[in-house]
Structure formats: C-alpha cells, structure tokens
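Once you've looked at the hints, dock chains B and C against the given chain A.
Residue numbers (our numbering), protein chains in the order written: chain A, 1 to 219; chain B, 220 to 662; chain C, 663 to 788.
Among the hints, a few may not be true.
[Stated by the list, open to error] Computed footprint of chain B on chain A; a stretch qualifies when at least three of its residues, placed anywhere within it, have a C-beta under 8 Å from a C-beta of chain B:
#	segment
1	64 to 71
2	112 to 125
3	141 to 150
[Stated by the list, open to error] PhoX-like mimics (lysine-lysine), calculated; alpha carbons at most 20 Å apart, straight line:
#	chain 1	residue 1	chain 2	residue 2
4	B	510	A	37
5	B	288	B	606
6	B	311	B	252
7	B	510	A	38
8	A	139	B	288
9	A	38	B	264
10	A	37	B	256
11	A	38	B	357
12	B	536	B	357
13	A	37	B	264
14	B	288	A	68
15	B	510	A	49
16	A	212	B	510
17	A	37	B	252
18	B	533	B	565
19	A	38	B	253
20	A	37	B	253
21	B	253	B	264
22	B	252	A	38
In case anyone wonders, no lab produced these hints; they're calculated from the structure.
All residues carry an ideal CB built from backbone N, CA and C; glycine is no exception.
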Amino acid sequence: MNAAYEFVVGPLAWIAGAIFVLGSIYRLVSMYALAVKKDYSSLPYMDLKYSLRSIIHWLNPFGTAGWKASPWTAAVTFIFHICLIITPLFLLGHAVLLETFHGIEWPTISDGLADGLTMLVIAGCIFFIIRRATVDKLKYITSGMDWFVIFLVLATFLTGFAAYHQWLNYQFILILHILAGEAMLASIPFTRLSHMIFWVFIRGYMGSEFGKVRHAKDW
Amino acid sequence: MSIPGIRDRKIEDVGLQAGVDRLTEDQIQKTIKKVLKGETGAKLKLYAETCMRCGLCAEGCHYYMSHDKDPSYAPVSKVRQTMWEILRHNGKVSPEFIYGCAQIAYTECNMCKRCAHYCPLGIDIGYIISVVRRICHKLGVVPLYIQDTAHSHSATMNQMWVKDDEWPDALQWQEDEARDEIPNLRIPLEVEGADIFYSVIGPEPKFRTQLIYQAAVLMNETGQSWTMPATPGWDNSDMAMYTGDYEVMGRIKRAHFDTAMRLKVKRIVMGECGHAFRSIYDMGNRWLGWKMHPVRVMHAIEFYHELLEKGQLKIAKTFDTPVTLHDPCNIIRGRGLMDQAREVVKAFCPNFVEMTPNREHNYCCCAGGGVINCGPPFKNVRVEGNKVKAEQLIRTGVPVVIAPCHNCHGGLEDIIHAYKTGQELKFLIDIIYECMEKPDAVE
Amino acid sequence: MKKQLSVILLLAAAVLLYLAPAYSQEDMTQLLDPAFTTHQRPAAVFNHDGHNEKAEIEDCSVCHHVYEGERKVMDDSSEGTPCSECHAVDAEEGTPLRMAYHRMCTDCHTAKGKGPVTCGECHVDK
Numbered sequence: 001m002n003a004a005y006e007f008v009v010g011p012l013a014w015i016a017g018a019i020f021v022l023g024s025i026y027r028l029v030s031m032y033a034l035a036v037k038k039d040y041s042s043l044p045y046m047d048l049k050y051s052l053r054s055i056i057h058w059l060n061p062f063g064t065a066g067w068k069a070s071p072w073t074a075a076v077t078f079i080f081h082i083c084l085i086i087t088p089l090f091l092l093g094h095a096v097l098l099e100t101f102h103g104i105e106w107p108t109i110s111d112g113l114a115d116g117l118t119m120l121v122i123a124g125c126i127f128f129i130i131r132r133a134t135v136d137k138l139k140y141i142t143s144g145m146d147w148f149v150i151f152l153v154l155a156t157f158l159t160g161f162a163a164y165h166q167w168l169n170y171q172f173i174l175i176l177h178i179l180a181g182e183a184m185l186a187s188i189p190f191t192r193l194s195h196m197i198f199w200v201f202i203r204g205y206m207g208s209e210f211g212k213v214r215h216a217k218d219w
Numbered sequence: 220m221s222i223p224g225i226r227d228r229k230i231e232d233v234g235l236q237a238g239v240d241r242l243t244e245d246q247i248q249k250t251i252k253k254v255l256k257g258e259t260g261a262k263l264k265l266y267a268e269t270c271m272r273c274g275l276c277a278e279g280c281h282y283y284m285s286h287d288k289d290p291s292y293a294p295v296s297k298v299r300q301t302m303w304e305i306l307r308h309n310g311k312v313s314p315e316f317i318y319g320c321a322q323i324a325y326t327e328c329n330m331c332k333r334c335a336h337y338c339p340l341g342i343d344i345g346y347i348i349s350v351v352r353r354i355c356h357k358l359g360v361v362p363l364y365i366q367d368t369a370h371s372h373s374a375t376m377n378q379m380w381v382k383d384d385e386w387p388d389a390l391q392w393q394e395d396e397a398r399d400e401i402p403n404l405r406i407p408l409e410v411e412g413a414d415i416f417y418s419v420i421g422p423e424p425k426f427r428t429q430l431i432y433q434a435a436v437l438m439n440e441t442g443q444s445w446t447m448p449a450t451p452g453w454d455n456s457d458m459a460m461y462t463g464d465y466e467v468m469g470r471i472k473r474a475h476f477d478t479a480m481r482l483k484v485k486r487i488v489m490g491e492c493g494h495a496f497r498s499i500y501d502m503g504n505r506w507l508g509w510k511m512h513p514v515r516v517m518h519a520i521e522f523y524h525e526l527l528e529k530g531q532l533k534i535a536k537t538f539d540t541p542v543t544l545h546d547p548c549n550i551i552r553g554r555g556l557m558d559q560a561r562e563v564v565k566a567f568c569p570n571f572v573e574m575t576p577n578r579e580h581n582y583c584c585c586a587g588g589g590v591i592n593c594g595p596p597f598k599n600v601r602v603e604g605n606k607v608k609a610e611q612l613i614r615t616g617v618p619v620v621i622a623p624c625h626n627c628h629g630g631l632e633d634i635i636h637a638y639k640t641g642q643e644l645k646f647l648i649d650i651i652y653e654c655m656e657k658p659d660a661v662e
Numbered sequence: 663m664k665k666q667l668s669v670i671l672l673l674a675a676a677v678l679l680y681l682a683p684a685y686s687q688e689d690m691t692q693l694l695d696p697a698f699t700t701h702q703r704p705a706a707v708f709n710h711d712g713h714n715e716k717a718e719i720e721d722c723s724v725c726h727h728v729y730e731g732e733r734k735v736m737d738d739s740s741e742g743t744p745c746s747e748c749h750a751v752d753a754e755e756g757t758p759l760r761m762a763y764h765r766m767c768t769d770c771h772t773a774k775g776k777g778p779v780t781c782g783e784c785h786v787d788k
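The shape of chain A in the complex, shown without the other chains (with noise of 0.2 Å):
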C-alpha cells in the first residue's frame, strides 16, 4: 500500500501535473495559431476592455439575463465553482504535502471550512446529475463527455471527504482520492473541463463582438 500511495504523490503526479500544465499550453497556444489562421474575421475584433466588461459582469450570478432567468443553476453554479477551485488549493493537507516534499510554504483554510466546502461541491454535483437526469432539455443535449466529468468531479471530492473522514478502508479510499484528483487535472486541457482554461476567451470574444461592434451589451 506504501509503494502505491508513493507512486500517486510521487511520479503520477508529477505526469498528471506537467499533462494539465503542458496540455494547457499546448492547447492555447495551438488554438491561437488556429484563429490566427482561419478566424480572422473575427480574432482583430478582440477588445481587452469589453472582454472584461463582459467577463465582470458574467461574474455576478445576479447580473445577466442568463443567470436571472435560471437563478437555481446560478446560485448552484457560483457555489459549486468556487468551492471546488478554493477547497482543493487551500486544502490543508495539500499544503503539508507541499512542505513536507518541497519545503513550500502555502496559504491554507481550516480543515473545518474545507469539509464544509466539500459537501457543497458534493452537493453540486448531485444538484446537476439530478438535473441533467430529469430536466427534459438537458436530457436532450446530454452525452458520454457531460457524464464523465460530472462524475470525475464528484469522484475526487465523495473520495476526499471520506479520506479525510477517514472512513472504510483509508488507504485505498485515499490512494483512489489521489487517482481522481490527478485524473480530473489530467483532463482539463482535453475534455470538456477545458472550459476552464478557453472561458475568459471565448466569453471575451463575445464581450469583444457587442462592446465595440455592436454597442449593446451581451449579458
């Protein structure tokens, strides 16, 4: 059990690391080369002032048709993304784990709010597989890739809760904790989860499109 827990915080992640890392890069950069090569009707509209007036106002779960029209999902949506960035990034022990093998020092949360964070992720991830499960439009939409990240998702932190809970056998519920989270990284750059890294893009060519050629707002 040793060897394996060693091999999870050890090489394994160190490859699922420079997979998110590299693979974002990768990512971005060859998408750039791709609008650079056949969008660019659209790539010299990019506006760094209107990208963010719409990024800001995106931001507020109260401020955009969207959001209001679907003030649930909002909520849910806001809870649920900032819980899962904050929990795992200032996450105890993950910071020790920093320390203990790199001598880093980083800001954490108590363990108490962490475990609080979590069952709102947790609670996240069934609000949305009750959604997609029984909401007829989503249901309509709905494939392999949207099961599969949902799921990894809430793989990674049903596992860490009951790591940390330190619930069944620990060990295996912690090696497969470890398994999830380095998955979930891992497929940022090439799933769906890669919405993280394109979003400021994507919503900023949007904000970009209305701010300055279409002087109206896009929220």
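Just chains B and C now, kept in the frame of chain A:
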C-alpha cells in the same frame, strides 16, 4: 442520429427535396469536410468542445418559449440536431439528415442572437447555425423561396428581380406622386458628391413604395443633400448572407459600396431594415476584407435622431395614440440603437409604452434571419414559433406597434393576425411623415 | 469543609495521574508537542518504546539529532531538549516544526519501506 425533433415535423419544400435527391453520403462528407476545414477554425472548435450542455440558452429562444418549452427547440438542441452530429460523424451523414439540418437552420432559427444573453460561456449559436447554413448552401439544399431571392441577387444585384429600368421608373413614379403634395420635391439620381446615398431594400420599389415616397419627403423637407443611384448597387438587402452564399453576398456588398464610392458620397443612409444593416455593417464588409464598413453606414433610426438633434426635423403635431416599440435584433443587439430609437419615438409619441422584455432582451419577430423569405411552406413555423411575441404585444395593451425593420414588419403582421391582437403596425417613417413639419407642402 | 477539600485534592490528583503518561517517555502514545498552540489534526499516534523496539533503533540520535550548521554531529544526541528549541513553529530559516516532524517520520518510513506515510495513518480520528 435520429432523435425526436426535426424528423417529426418535416415540411415539404421543393428546394430542399430536389437538393437532397441529388446527394449521396460520400458527396455530403466531401463537401462538409471542405467547409469545416477550409472555413472554420478555433471558434467552431471551441464552441463545440466547451459548450457545457447546461441548457441555460433555452429560455433565450422564442421558439422554445412558444412551444411550451419543447426541448427540441432550444438553441443548443438545434446545434445538437445539426452541427454536433455532423462533427461526431465527421460529416458522414445521410441526405435525409441534411434535409433536417436545412429545415432547422433556415426556418427554426432567426440567428437573432438573443440566446447570447443566456450563455455563460459566451457561445455564439447564431454563428454555428450560419455554418450549418453554409454547408446546406454548398450542398444545394436551400428552401425554394429564399434560394430564388439569392438567385435574384446574383442575376440583378437586387433581391426582387427588379430590372435595371424598373428601378429609376419606380423612383420617378414616387417622385411624381409626391409632387402632388410637395411641388418642388425631387428624388435626385446620380448626384456625384452628395452628402447622402439613400439606399433601400429590393421590396421597397416592388411593393412598399410608400416608404420611398416618405423618405423623399423627409429628405426634401429637412433640406438634405442626397442622391440615389440609377444603376444596380442601389439595393442594400442581402438574402445570400442568409442562405450561406457568401460569394454572392460579397458581390452584392461590393456593388453597394462601389456605388457609394462612385457617387463620392459622405455616407450611406439606409431605410428601416435590419438584415441589410447586418449585411453592410457586420457581415458583408468582413467577407470583403474590411474590418468596418468602408463608407460610413447609418441606419434610418440614427439618421432620424441626428435630424432631430440638429433641429432639421421639426414636429408639427404629436401622434397621440398609445404606441409601443419593437426592438429589431440587427440594429439593437447588432448596433445598440435602442436609446436613439426611443428618443425618436418619444419625440413624436407622447403615449409610449415599453414592452417587456425590451432593448437587447427583446423577443425576435421570428421573420428575420431569412426565415420569412423561406416562403409560404414555412409560414406556420414562424407564426407558431412566436406565440411569446404575440403575448408580449397583447400585454402592452396599446393599439399601435412601431417596428423599424422590414422583416420585423412581415413577421409581426402575421402574428398580429394569427393571434388577433388587433394592433396596427407602423414604421417610424410612417409616424414621422404624418407628424413632421412640411414647409413646402401645398394645402 | 474538610470533605470538600479532600474531593478537590482527589480530583487534582486524578487529573495529574491522567496527564502524566503524556509527558513520560516510557508510556507515551502520541506526539503532542506543547509548542503547537493550535491543533489542526488529532495528535499523531506514537508509542515511543514500541516503535523503537519494532524498528530496532537503539541510537537515540537517529531521531534526537544534533546539527552543527549543515552537518549532523555523530556522537551527540538531543533527548530532553524540546524539538521546538531548534525547530520553531514558524521558523523563517531552517526547518519549521511541522515540517520537521513530518519529514522525520515519513522520510524514514519511505526509505525503509515500512511504517505509515499517509496523513490519516498517524493522525487517526478517534
């Protein structure tokens, strides 16, 4: 590949049927690959990949809202039934499938981009639909009626098969008519160096000639230096843009801009049309390689607003009947003229009632995007697809609806009749003409 | 009055007796360093004598080391000196206390391929 949706509501159209009858799967795949590889890039790739299938765009669509939230009408579902299947099968789809794609893309989406206000990612579904249309055009699967207008554009440089000599004839006829009211009125043709090239859409000389009459009165009585060309290039409309025939779009936009440059005008002022504005201001210019329009382009609303601000347009009387204003997508979401439109309306109409939602969030007329131009086979698609607009009109409780766009007029007219809202529809120029000061008029 | 006093004394004695094992190495069962003022996890399970017997450690300086600069002093050991004397909890330089504990245990366990290395194996929830 076959899910409930478009396959359950197939509408017979000669153009679509004749088109798919000629196709084989191999031809389809070859053409699709060519379009996807040659004409699309990062935009389409990112939209297909990062759309989270969250369904928030559904509430943005009048078709979805009007069909009691039938999931197959949601914007994302239209992409689900067309582009995603095309991408998933790498273009290897059946002729019958292409029929459905064409029916969705040409008649169940107005490309009004209202859904843009509902997508958190910022995905441009109108663009995806335009790529589907481009593919259908390349495959020769286009509804008969709109294809006919595209042919007209190609052959005559105008939308309505108006012959070269019929055009100045129609202008002269309107000039004659107007001189009964304003004896010194002229419709100046081919005046080089005039300030304004007034451009109209094909249907105006064909069956909405009163608009040319009224515009001439406005120009004459506010003392404008203006002209109209006597040659092809006068028509600013563009159905080729909507069929996906960008080569013809480029030709007609070039003819239009060339005409403005030949006449050495300072700007093009265009009548109350939405799609033509989109073509000149947003689409055609890009196809020709211009970042923005090479000659300044002004929509009628902007022009009226300027005349009021400069004090050239004076108000003789107000239009007291309560009115509401329909915000056309191409000049509101497409150009941000909502405030100017309201200022012009309020200057003439003291009893102005807003409809809700309005401005950028206004529901589409369901005629634009070429849908009305697909003709009688699809009339019910857009009438049934816009119950939500009729309800919106009824809620205002006013007898007069102002719609400063030709397509919106066509669409709203049918909705007003079908849902018996009993309202009267007007262009802004109708009201301006009725209420403005006309110093040179007799009587 | 007398009765009350004896009750209090008895209670105090009980508390002392209860606390004593924590401070006497012979019977220690956990690492509960008083230098840590707040505890974010349950104290690490550690039976001093049992561990050393099992790990066959006789030289105290394996854990209770003494450093001079970068170099470990071979024939000296530091038992009786609190770890935090050298490893302050929030040390700017050198090894802070939490890192020192974690590395002391897990580095050896990893090297030997024996003993716990994951968080929850030492910080056991009760």
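Hints, one by one, checked against the model:
With a cut-off of 8 Å between beta carbons, the segment 64 to 71 of chain A has 6 residues touching chain B; three or more are needed, and the interface restraint holds. Taking a C-beta to C-beta cut-off of 8 Å, the segment 112 to 125 of chain A contributes 0 residues in contact with chain B, too few for the three needed, and the coverage statement is violated. Only residues whose beta carbon comes within less than 8 Å of a beta carbon in chain B count, and the segment 141 to 150 of chain A has 4; three or more means the coverage holds. With a C-alpha separation of about 16 Å, the suggested pairing of residue 510 of chain B with residue 37 of chain A holds against the 20 Å cut-off.
Restraint check for residue 288 of chain B and residue 606 of chain B: satisfied, since their Cα atoms lie roughly 12 Å apart, inside the 20 Å limit. Taking the CA atoms of residue 311 of chain B and residue 252 of chain B, the gap is near 9 Å; set against the 20 Å cutoff, the hint holds. Between residue 510 of chain B and residue 38 of chain A the alpha-carbon distance is near 16 Å, which keeps this suggested pair within the 20 Å criterion. This hinted pair checks out: residue 139 of chain A and residue 288 of chain B have alpha carbons roughly 13 Å apart, not beyond 20 Å.
For the suggested pair residue 38 of chain A and residue 264 of chain B, the alpha carbons sit about 11 Å apart, so the restraint of at most 20 Å is met. For the given pair, residue 37 of chain A sits about 11 Å from residue 256 of chain B by alpha-carbon distance, which is consistent with the 20 Å threshold. Using a Cα cut-off of 20 Å, the hinted pair residue 38 of chain A and residue 357 of chain B holds, with the two alpha carbons roughly 19 Å apart. Proximity of residue 536 of chain B to residue 357 of chain B is assessed by CA-CA distance (about 53 Å); at most 20 Å being required, the pair is judged violated.
Restraint check: the Cα-Cα separation between residue 37 of chain A and residue 264 of chain B comes to about 13 Å, which is no more than 20 Å; the hinted pair holds. In summary, the hint linking residue 288 of chain B to residue 68 of chain A is supported, as the alpha carbons are separated by about 17 Å, within the 20 Å threshold. As the CA atoms of residue 510 of chain B and residue 49 of chain A are separated by approximately 18 Å, the hinted pair is consistent with the 20 Å bound. At most 20 Å may separate the alpha-carbon atoms for a hinted pair to count; residue 212 of chain A and residue 510 of chain B meet this at roughly 12 Å.
Of the pairs offered as hints, the one joining residue 37 of chain A and residue 252 of chain B holds, with about 17 Å between alpha carbons and a cut-off of 20 Å not exceeded. Restraint check for residue 533 of chain B and residue 565 of chain B: satisfied, since their Cα atoms lie roughly 14 Å apart, inside the 20 Å limit. A hinted pair counts as satisfied when its Cα atoms are at most 20 Å apart, and residue 38 of chain A with residue 253 of chain B qualifies at roughly 13 Å. Taking the CA atoms of residue 37 of chain A and residue 253 of chain B, the gap is near 15 Å; set against the 20 Å cutoff, the hint holds.
Of the supplied pair hints, the one linking residue 253 of chain B and residue 264 of chain B holds, its CA atoms being roughly 15 Å apart against a limit of 20 Å. This hinted pair checks out: residue 252 of chain B and residue 38 of chain A have alpha carbons roughly 14 Å apart, not beyond 20 Å.
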